[in-house]
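Residue numbers (this note's numbering), protein chains in the order written: chain L, 3 to 635; chain Y, 3 to 635; chain U, 3 to 635.
Please keep in mind that the hints were generated in silico from the structure rather than gathered at the bench.
Model, not experiment: these values are computed from the prediction.
You can take every hint at face value.
Straight-line Cα separation of at most 25 Å, DMTMM-like style, residue types lysine to aspartate or glutamate; simulated pairs:
{"no.": "1", "chain 1": "L", "residue 1": "Lys-543", "chain 2": "Y", "residue 2": "Glu-365"}
{"no.": "2", "chain 1": "L", "residue 1": "Lys-286", "chain 2": "U", "residue 2": "Asp-427"}
{"no.": "3", "chain 1": "L", "residue 1": "Lys-88", "chain 2": "U", "residue 2": "Glu-161"}
{"no.": "4", "chain 1": "U", "residue 1": "Lys-531", "chain 2": "U", "residue 2": "Glu-582"}
{"no.": "5", "chain 1": "Y", "residue 1": "Lys-88", "chain 2": "L", "residue 2": "Glu-176"}
{"no.": "6", "chain 1": "U", "residue 1": "Lys-88", "chain 2": "Y", "residue 2": "Glu-161"}
{"no.": "7", "chain 1": "U", "residue 1": "Lys-88", "chain 2": "Y", "residue 2": "Glu-206"}
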Amino acid sequence: MKRALGVCYYPEHWPEAIWAEDAARMVETGISWVRIGEFAWSRIEPSFGDLQFDWLDRAIEVLGSAGLKVILGTPTATPPRWMLDKHPDMLAWDAQGRERGFGSRRHYDFSHDGYREECARIVDILARRYGANPHVAAWQTDNEYDCHDTVLSYSPAAERAFQNWLAETYGTIEALNTAWGNVFWSMEYDHFEQIALPNLTVTEPNPSHVLAFRRFSSDMVVKFNKVQVGLIRAQTDAPITHNYMGRVTAFDHYDVGADLEIASWDSYPIGFLSDRLEEPAAHKQRYLRQGDPDFQAFHHDLYRAVGKGRWWVMEQQPGPVNWAPYNPAPLPGMARLWAWEAFAHGAEVVTYFRWRQAPFAQEQMHAGLLRPDSEAAPGLAEAAQVAAELVEAPDVSAAQAPVALVFDYASQWAWETQPQGADFDYFRLCFEMYRGLRKLGLSVDILPPDCADLSGYKVVLAPGLLELSGALKGALERFDGQAMLGPRTNTKTGEMVIPVPMGPNIDGLDTVIALTESLPPSEMMPLLKGGTFVKWFEHLKGDAEVVEALVDGRPAMVQAGAIRYLAGWPDEEALARILEDLCEAAGVVTLNPPDGLRLRDTGAHRFYINYNAFEVEFDGLLIGAADVTWRPL
Amino acid sequence: MKRALGVCYYPEHWPEAIWAEDAARMVETGISWVRIGEFAWSRIEPSFGDLQFDWLDRAIEVLGSAGLKVILGTPTATPPRWMLDKHPDMLAWDAQGRERGFGSRRHYDFSHDGYREECARIVDILARRYGANPHVAAWQTDNEYDCHDTVLSYSPAAERAFQNWLAETYGTIEALNTAWGNVFWSMEYDHFEQIALPNLTVTEPNPSHVLAFRRFSSDMVVKFNKVQVGLIRAQTDAPITHNYMGRVTAFDHYDVGADLEIASWDSYPIGFLSDRLEEPAAHKQRYLRQGDPDFQAFHHDLYRAVGKGRWWVMEQQPGPVNWAPYNPAPLPGMARLWAWEAFAHGAEVVTYFRWRQAPFAQEQMHAGLLRPDSEAAPGLAEAAQVAAELVEAPDVSAAQAPVALVFDYASQWAWETQPQGADFDYFRLCFEMYRGLRKLGLSVDILPPDCADLSGYKVVLAPGLLELSGALKGALERFDGQAMLGPRTNTKTGEMVIPVPMGPNIDGLDTVIALTESLPPSEMMPLLKGGTFVKWFEHLKGDAEVVEALVDGRPAMVQAGAIRYLAGWPDEEALARILEDLCEAAGVVTLNPPDGLRLRDTGAHRFYINYNAFEVEFDGLLIGAADVTWRPL
Amino acid sequence: MKRALGVCYYPEHWPEAIWAEDAARMVETGISWVRIGEFAWSRIEPSFGDLQFDWLDRAIEVLGSAGLKVILGTPTATPPRWMLDKHPDMLAWDAQGRERGFGSRRHYDFSHDGYREECARIVDILARRYGANPHVAAWQTDNEYDCHDTVLSYSPAAERAFQNWLAETYGTIEALNTAWGNVFWSMEYDHFEQIALPNLTVTEPNPSHVLAFRRFSSDMVVKFNKVQVGLIRAQTDAPITHNYMGRVTAFDHYDVGADLEIASWDSYPIGFLSDRLEEPAAHKQRYLRQGDPDFQAFHHDLYRAVGKGRWWVMEQQPGPVNWAPYNPAPLPGMARLWAWEAFAHGAEVVTYFRWRQAPFAQEQMHAGLLRPDSEAAPGLAEAAQVAAELVEAPDVSAAQAPVALVFDYASQWAWETQPQGADFDYFRLCFEMYRGLRKLGLSVDILPPDCADLSGYKVVLAPGLLELSGALKGALERFDGQAMLGPRTNTKTGEMVIPVPMGPNIDGLDTVIALTESLPPSEMMPLLKGGTFVKWFEHLKGDAEVVEALVDGRPAMVQAGAIRYLAGWPDEEALARILEDLCEAAGVVTLNPPDGLRLRDTGAHRFYINYNAFEVEFDGLLIGAADVTWRPL
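With the hints as constraints, model all of the structure from the sequences given.
Quick look at the structure:
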């Protein structure tokens with residue numbers, strides 16, 4: 003697969019007179035893909051049934067004639083205002099019971115049948131018109147599902163759909179009452195129509211109720227996307243993708259990804275560090291103009307799994323954005339570094355967002371490759387440099403990593419529902435383990451929770467998994483490397499109930515979680531070998547071999563054969579040691595790169611990615627501030 | 003009165019096949035009381051009128067036959083889902099105007115006539131069926147009034163009931179307008195139906211309006227409870243109680259308690275320290291696994307007053323709970339210490355919550371005496387130890403304390419309504435004085451605000467009382483010990499109006515509060531004798547004798563005969579000295595126990611209760627970490 | 003113009019029997035003005051059409067006969083309860099969509115036609131009755147527009163009025179779509195009735211939409227006020243004013259002021275410091291009992307501009323208030339200092355709020371000049387002292403200051419709408435520059451954004467102006483002093499769109515803002531000459547002369563002739579140097595008074611105002627704690 007650059011473009015924002023010049027400059031910059039169309043519904047269909055494709059025909063022709071491949075987005079993330087007149091009940095409601103109105107974007111409820119049908123209608127029309135267009139080389143459905151927290155809706159439409167989903171899922175109300183333990187607090191229902199959405203209850207609702215709602219909400223996204231995919235695929239062989247976001251966990255991306263050829267995501271490293279990561283102030287300050295050194299890589303690896311190996315960056319930050327609390331400019335070099343890091347993790351295409359900064363509306367302070375006055379913004383030269391470098395290094399060559407981390411969306415929902423400790427966050431737990439591996443110089447694959455084959459891996463981590471799937475259980479039984487599960491792994495059923503026998507319930511591992519405690523930030527539970535547990539500690543009972551202990555002697559990790567179970571949340575020091583031990587036991591060589599330098603191995607090369615604002619030396623190489631380099635393995 | 007242990011049990015949660023074994027294990031543990039039934043409405047009456055008592059008959063029989071005395075709870079805290087179909091307007095509304103829906107518990111409005119009648123119906127049926135049952139030895143009404151802030155409701159039902167209450171209370175709208183000073187800001191009403199609930203006003207509502215609403219809301223709880231009590235009492239001589247909570251002040255517990263034989267409360271020391279006490283981080287860390295050393299005792303003494311001498315702990319924390327932000331495990335010994343501290347304060351029964359940890363629903367992470375797999379949790383052995391010790395020390399022997407503290411619910415409402423300083427909290431003021439007394443080794447009685455007899459007490463404190471009742475004024479005039487009032491005591495009328503002459507208006511004490519100021523945390527007003535006022539300072543004018551002064555000479559405490567008036571909020575150092583002086587003047591001997599050790603005298607013994615995680619020495623005794631011991635006085 | 007003292011009085015709160023005595027004491031204190039009537043609607047018209055003027059006739063007669071001049075307020079800030087029965091939809095709605103109900107004050111929507119007509123009716127009646135009354139010497143419309151954030155309303159009435167305003171403003175929906183850039187995200191409208199208010203959207207609404215709503219909301223206040231002014235003016239020659247508040251920016255005060263003879267404002271220095279200023283804790287502690295040393299002065303100068311030279315303090319804090327989080331007492335002397343500072347800035351009248359502390363309702367803890375029991379509160383003697391001093395210094399003698407600062411309400415709305423950095427606040431930016439000038443001992447004039455004449459000024463500052471008006475552009479071109487614009491000045495059009503050519507677009511200044519970044523508090527961008535930029539940095543490109551640079555050499559300020567453009571937000575150190583340089587270049591002499599001492603020059607005197615709690619020495623004078631003194635220039 004060839005690596006390539008792209009850019010996001012909105013012809014409807016600009017005079018038609020400058021389209022050709024824009025296209026020529028894109029090509030001159032070395033860009034080969036251009037994404038268009040995904041917010042243009044009001045121009046495609048200004049009023050119901052009044053289809054206006056001339057301008058889009060011409061835009062595609064201009065871009066395509068210049069040598070660009072077009073990614074065509076379906077416009078369903080921004081229904082025009084008339085749609086709301088036609089379907090007044092199509093809006094999502096927030097958890098406080100307020101309608102989320104027109105005037106920005108994503109103003110629809112995934113469960114609304116009428117709106118889903120409108121989407122099918124317009125997508126079908128688009129697909130029929132452009133499915134065979136030689137310039138349209140890929141399709142994107144909608145835009146950033148769940149952006150602005152739009153997956154969970156508490157509308158009447160959602161309530162009806164949820165009741166139907168429950169009826170299909172449980173069959174009888176008795177089955178649901180039993181599965182959820184509704185005898186507790188007399189919460190038993192007589193029929194499905196009595197079941198409200200789990201918001202605005204007096205105190206917290208039944209966690210089984212909430213988890214079912216989370217599963218339902220995810221399924222609605224899958225259904226919404228699948229309708230569009232089916233209609234597009236009927237008209238074209240071009241690959242279809244969706245552009246996911248960073249740290250969005252409200253729907254199961256594996257499930258959506260199962261219907262798509264390619265996963266893609268929108269990478270805004272500086273905005274994400276500011277807005278979506280809990281890190282100490284010193285960390286945020288250190289990486290203020292670079293972004294977190296692991297956040298992008300985590301998502302690259304995650305979406306490679308979601309895309310079953312094929313993935314893109316669909317939107318790449320090129321300069322300051324407009325939506326984080328503070329929006330500093332990237333260090334010179336970062337727009338290039340981010341692109342190369344993506345390629346190192348196997349991206350086929352990296353698409354900058356956007357070509358020219360819009361001077362109006364919500365994103366007018368969001369930088370593009372061009373300024374509003376069409377002069378070059380700093381990102382343009384960096385994009386051109388990447389394009390030039392790609393000529394020398396055109397091929398994506400992915401390789402299986404030695405280490406795998408299981409990441410599961412339902413576990414995120416489960417522990418959000420019932421964290422038990424205020425700061426127990428599943429993503430955070432996985433991300434800390436991922437970061438710990440990266441600090442040891444390792445490349446990592448992320449695996450879905452129903453992964454049935456671990457062959458080729460030497461180390462597998464599966465922290466915090468709600469429950470082990472049958473497939474993964476089987477794979478672990480056959481596994482000949484070193485696996486570390488826990489904390490909290492397999493401690494519930496999928497219905498959010500404590501199983502008896504109690505977890506973690508791993509074959510051959512004689513241990514049971516007798517008692518669980520969550521800990522405030524002030525409380526440490528030091529480990530004998532160094533470091534400490536924080537946040538979480540499970541009291542293990544049983545005869546399994548103890549391989550880590552608290553200073554007071556209580557078990558902290560137990561082991562049987564290839565499987566270890568970790569009974570707490572390790573701090574950075576403890577985690578580093580535990581991971582090193584694990585790798586050593588598995589025969590995985592770990593490295594000690596300087597802080598802020600990250601490594602990534604493809605099949606052919608090792609990449610050295612320096613997130614620091616200063617030069618570092620490693621492996622006999624000098625890697626400059628905000629620079630990336632590579633050499634053959 | 004004999005001391006005894008109990009446990010909370012939910013037969014409806016478990017297969018009937020294991021009831022007998024459970025009962026036998028309870029008895030074997032030394033437990034003699036078992037509370038059941040209080041959330042079981044959906045099993046007692048699965049649909050309206052379909053009464054299903056067979057299972058409950060059998061449960062009571064099994065438990066009773068094993069030798070256990072049953073406390074039967076009325077199930078009115080958890081109306082089944084069908085009740086909502088029957089009474090769609092029965093739900094409470096929060097202050098933001100949102101209905102508080104079905105799906106957890108306490109989903110009802112105390113003012114709703116229809117629901118109160120449904121409660122009367124089911125309670126009458128229960129009382130008639132089990133009133134004469136030999137195993138049912140006590141009754142509990144509902145469960146934890148106001149838990150989840152359910153006393154204040156802003157529903158249409160509440161509004162109608164409030165208007166009726168106002169009409170009854172004030173007679174004419176002119177009387178109300180005058181009493182509230184509605185001429186201010188043209189807030190005058192023409193008739194009672196115009197008076198809305200005091201939420202969602204443009205800026206703060208008239209404090210007299212708010213205080214009336216608080217009194218009304220409390221009265222609704224009293225009325226709700228009284229209906230149940232009357233119906234139960236008609237069928238049985240067994241004592242009736244209600245299980246109150248910690249730091250719940252939304253209704254007047256004395257008023258509810260007047261209708262009950264026994265007060266009881268639910269004691270969760272670790273959860274309460276985390277969730278319901280403002281304390282410095284170091285204090286919270288020090289007592290993380292023990293709970294605050296005074297919070298339980300305060301409530302023991304408060305509910306002894308509410309119960310007119312008779313009181314129980316109805317739910318005793320046995321391990322980690324599920325509902326605080328963080329939920330660590332108690333230190334070994336605490337489940338025993340808490341029980342013994344309750345007995346030392348006069349509890350007749352201490353009932354652990356709950357027998358077996360439920361594996362499902364909201365409280366699945368709440369420890370019981372048994373684990374979900376029926377193995378012993380750590381609390382079981384401690385309960386058994388308490389039971390064994392009770393054989394040697396079976397009798398409750400209360401004694402009047404030398405010191406009394408007046409605690410008044412209406413004062414809490416008044417200062418919540420108009421704190422004047424953001425952190426002026428009445429409970430906190432009383433609790434700090436209570437803690438100050440305890441640190442001097444003293445036992446304390448808590449008195450209601452209409453207490454008419456102070457005989458036997460040497461020291462009486464009445465800080466922050468909205469207004470002095472006629473009864474208490476009279477008692478203070480006759481008092482021959484040392485009383486300390488203030489700050490803020492008797493500075494308003496019961497209608498929340500500044501009286502003229504201005505407060506504190508105490509006979510014989512020539513002082514007036516010329517000006518009041520509240521102080522941010524940074525501002526200190528040091529006292530001449532040491533320590534400082536914080537938060538609050540009243541400028542006193544008049545000829546009363548000054549017994550404490552600021553360093554700048556302004557009066558800080560004045561005295562006339564047996565009455566002192568304190569003009570500010572003392573910090574810990576100032577409070578300690580002021581209390582010592584007071585005790586010395588009154589002939590009360592104070593002690594200096596080590597930090598974290600608390601003493602409590604019954605009629606016969608002195609108890610030494612060590613909340614520390616380490617051993618301390620006092621009075622020639624070594625008291626271990628988290629240990630309690632006692633010896634004859 | 004003569005200086006004089008006044009007081010706010012509510013005859014309806016007190017027995018008629020004491021009115022005459024109150025009036026006599028006022029006169030004895032040296033008070034000559036008394037404001038009445040502004041909350042008395044329920045007493046003037048207890049039910050619709052039932053006019054009760056006898057009491058008000060007598061009150062005016064009693065006060066006037068005693069020698070007091072009456073300021074008569076229209077009562078429209080507190081419509082009686084019956085008004086709501088008549089106009090149930092007259093209430094404002096908050097941004098969360100909740101009606102803001104009856105029970106306090108300001109419960110009306112400025113856009114409600116029916117309520118505006120009711121106001122016209124009662125004002126007309128009042129004006130006809132008292133327009134020729136010899137004691138009524140001034141009028142006040144309503145009370146504190148926007149107090150309790152009442153200008154922005156999201157009610158159905160506001161929505162209809164907004165749609166009408168948009169139709170009038172834009173003419174066609176196509177014009178609006180183009181002006182707002184609604185092609186972005188398919189936000190295009192088909193007709194005006196589709197345009198909702200910009201609240202409760204999924205993510206942020208179009209900033210052009212929000213800014214239009216802000217302009218509309220301001221216009222509604224202007225319209226509301228203008229109706230009252232017209233009716234009063236028809237009956238009297240007495241001056242009309244409105245009493246504005248501190249740091250209220252929700253409507254354009256210049257626009258309201260254009261219809262009034264006199265501006266006035268309500269000055270609560272201690273409450274404002276606590277509640278309305280972001281300052282470090284040490285600053286708040288230092289000035290806890292004095293108020294911020296520049297906040298009052300800023301508003302004095304602002305409202306002098308709003309009043310086109312004529313302005314009053316209509317409510318002056320005399321002691322602790324009731325509405326801030328904490329309410330300490332002023333230092334002795336402050337009630338005098340505040341009044342004299344106002345006079346030094348040109349106030350004609352300073353009116354203390356209020357005569358006697360009300361013992362009831364919301365403000366019962368708000369001090370007056372008298373206590374509730376009619377004894378003197380501390381403020382009374384200070385007022386009397388000011389009155390005595392006024393005999394010696396009776397005349398207001400304003401003078402043009404050497405330095406001017408442009409302040410613009412629309413800029414506040416614009417940067418609230420799109421701050422880009424979380425703490426970018428326009429008021430703050432202007433206030434820091436104002437404070438910087440004051441610390442150099444300078445007197446400052448504040449100018450409106452459409453100021454067309456800068457003659458007489460040596461230095462002009464115009465930071466953060468959304469866009470330069472034609473008038474101001476012209477004045478700057480003719481200006482022969484030193485002007486400093488920026489950061490952010492003239493970077494948008496009035497429609498909230500980035501202009502091309504890009505800002506700041508100043509004739510003769512060859513610079514363009516190529517890129518803008520906002521900075522978290524941790525990020526500094528140090529300047530070569532000392533100090534640093536914080537919060538904000540604009541990358542300037544072009545050939546303009548660089549007069550300040552970052553340590554890395556990038557331009558920080560550029561200059562052409564009389565105009566400088568500042569590219570970032572300077573910290574205190576940088577600002578002091580930049581202002582000194584500017585003044586030096588302009589020939590303005592700066593001073594170095596001790597911290598906390600402020601100077602103010604009238605035409606005849608220099609005032610020395612010591613906000614410190616300790617004595618300072620300057621200019622050969624000793625100025626005591628909380629003291630003010632003056633001497634001839």
